[in-house]
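So you can see what is in the structure, the chains are spelled out below.
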Amino acid sequence: MMELVCPAGTPAALRAAVDAGAHTVYCGFADETNARNFPGLNFSRDELAAGVAYATARDAKVLVAINTFPRAGAAQLWHRAIADAKTAGAYAVILADVGLLAYAAETHPDLRLHLSVQAAAANPDAINFYATVFGVKRVVLPRVLTIDEIAQINHEIDVETEVFVFGGLCVMAEGRCSLSSYITGQSPNMNGVCSPASHVDYAEEGRDLVSRLGGFTIHRTPKTAPAPYPTLCKGCFSSGDQTGHIFEDPVSLDASHLIPALARAGVTALKIEGRQRSRAYVAQVVRTFRAAVEAQAMGLPMPDSALARLTEGQAATAGAYAKTWR
Amino acid sequence: MDLTVGPNFFFWDAATVRGFYQSVAAVPVARVVLGEVVCSKRLPFWQDEIPLAVESLLAAGKAVAISSLALITLKRERKQTAELLQLGLPVEINDLSALHNVPQGTPFWVGPLVNVYNEGTLRWLAQRGAVRVCLPPELPLASVAVLAGIGRELGVAVEVWGHGCVPLAISGRCYHARLHDRSKDSCQFVCAEDPDGRDVQTIDQQKFLTVNGVQTLSQSTASMARQIEPLRAAGVDALRLSPQIGNFAALCEGYAARLSGKVSADALALQLANHGRPLSDGFLNGAAGVTWSGSLVFRQTLSGFEQEKRLL
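Protein chains in written order, with this note's numbering: chain P, 2 to 327; chain D, 162 to 473.
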């Protein structure tokens, strides 16, 4: 059966994900070492140890994402996170930074390393580089590849691949985007945040509700319509005489119907985005995907997606997996 | 501190490329990096200019390196990357997979699109053969200072983004094609219509971003015109100037004059502001990348993102 890798922003979400059938749960520490560094989210050291115990007792694994790029002169914070994840019994750590990978490989040679999507390893040469040099065992693929390209990659590498199938969708190559820090000063790479809520401003102007990020208008919607969160790359902008979602519509990813194709492409694990989501959301998504991977393993058709309402009224896309997206 | 001309990010025809590098050969910059960074589909249209440009730049006494693509996904792109090494010049990698083709110990340069955020990564690259690194533009001055210090210790020259629209993101999707209702595979090379990229405004007409095929840049010109002294104090070795249409030679002369003390920071900033794009230097020590430290201030209004040319 394909492995289901599920998000947990809180200990409660971790338990909910395990109870709903997650094979693996990923989480992070409550600081800038992980790419979902949101207020009120993530784990203390004790919470992680308890989470690992809960998961292990139910045959599930816990991965710890330490996938921001350490600040120059402050790498100890990231080094300590790796050591503490290992102590807590994490199955693997998910890293993106070359310096951190080198450190982990040298200091904790028996710790299993996964390559974060934030490293954007998008071809076999890159993946083999991380596998050969640092002993990385699994690579989370960036969301810029088609299924054919993923299949091709799996022919040329020996390590496992994991791909995103549901949740938020980065339009840009992950870990290579400074759009957020350009207007807010805070970026995924440095601070573990994108389009942070601290820089969001909503204003009623005439009949419109305007949402701004760092002072830049991202959406202008009628007051009566639902206003999407002003994620920078999914805003409505103008260029020449055109106005629209120049980079991407406010959509989220749903590749559930592509699970059989991803299995044929040699993918080991399916990842669900959403450590910032509620435990109820996590439980429902995990349950639905667990049914889907079980169906896939038995060669049955994919169950009808019960996920539409979880995308919160937003449209869903198969993203780069379908070539036409590009 | 000296000057490096970075690779051109935009799609220029062969004649424009030729004229550009002829003029660069005559300006006071120490080195030039050239090659296709953004889109492999563009390369056949101008690759024959590369050996000519290299020859004239070397003859003019410049150091020259050849740049790799930033996002390598196709077999053809991996092959192109492997072939770069055969040119006998240092390769500037903009994606770590390019290292696959660089034998251990062969000196190489590292471009601003590789994530060098800390001393661990810089040390690893140095032992692998890196001799020159242009840091990612989003790094704050405190990080730049740490890395420049480590660079000195390791014998790695450290550059920062000195001038040009800032490369902010790269994608699998081509936004130029999307703006023309085309897919990347049937783009018909529409990005050639915008040799300085295509401006993107907010719907409130704030100057915002620049689209260049699969790449997204700032619409502001980031400039270190007002930051030379702190960068020198931090131990930075070079400023990178990014090619643009217009009088690029005069711009290089302006920075050279600023480095040698012949013009002031604000005089250079005024020269640059006359090119029409807002200026920014906020990644270094401002609240956000888009902010500008100088007296040419930005004022956001509902009618637009206006630049007031006010002297101190």
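Heads up, some of the hints might be wrong.
As the list claims (entries may be wrong) - Here are the simulated EDC-like pairs of lysine to aspartate or glutamate, each with C-alpha atoms no more than 16 Å apart in a straight line: (1) P:Lys324 - D:Glu390; (2) D:Lys423 - D:Glu390; (3) P:Lys87 - P:Asp47; (4) D:Lys236 - P:Asp149; (5) D:Lys240 - P:Asp47.
What the hints assert, rightly or not - What follows is a set of in silico ranges between Cβ atoms, one per label pair, in the way DEER data are often shown: (6) D:Gln349 - P:Ala316: 46 to 56 Å; (7) P:Ala264 - D:Ala220: 38 to 48 Å; (8) D:Gly316 - P:Tyr203: 30 to 40 Å; (9) P:Ala226 - D:Pro212: 36 to 46 Å.
Note that these hints are calculated values from the structure, not bench results. Here a beta-carbon is modelled for each residue, glycine too, at the ideal position from N, C-alpha and C.
A quick look at each hint next to the structure:
1. Annotation: proposed proximity of lysine 324 (chain P) to glutamate 390 (chain D) is violated, straight-line Cα distance about 48 Å (limit 16 Å).
2. For the hint linking lysine 423 (chain D) to glutamate 390 (chain D), the alpha-carbon distance of about 14 Å falls within 16 Å, and the restraint holds.
3. Between the alpha carbons of lysine 87 (chain P) and aspartate 47 (chain P) the distance comes to roughly 13 Å, so the proposed pair stays at or under 16 Å and holds.
4. Taken as a hint, the lysine 236 (chain D) and aspartate 149 (chain P) pair is honoured in the structure, with Cα atoms around 12 Å apart against an allowance of 16 Å.
5. Pair hint lysine 240 (chain D) plus aspartate 47 (chain P) does not hold up; C-alpha atoms about 49 Å apart against a cutoff of 16 Å.
6. Distance hint check for glutamine 349 (chain D) and alanine 316 (chain P): the Cβ-Cβ separation is about 28 Å, which falls outside the suggested range of 46 to 56 Å.
7. Taking 38 to 48 Å as the suggested C-beta distance range, the pair alanine 264 (chain P) and alanine 220 (chain D) does not conform, at roughly 57 Å.
8. Evaluation of the 30 to 40 Å hint for glycine 316 (chain D) and tyrosine 203 (chain P) yields a failure: the beta carbon distance comes to about 52 Å.
9. The beta-carbon spacing between alanine 226 (chain P) and proline 212 (chain D), approximately 57 Å, falls outside the hinted interval of 36 to 46 Å.
Violation of the numbered hints given earlier is confined to hints 1, 5, 6, 7, 8 and 9; the remaining hints are satisfied by the structure.
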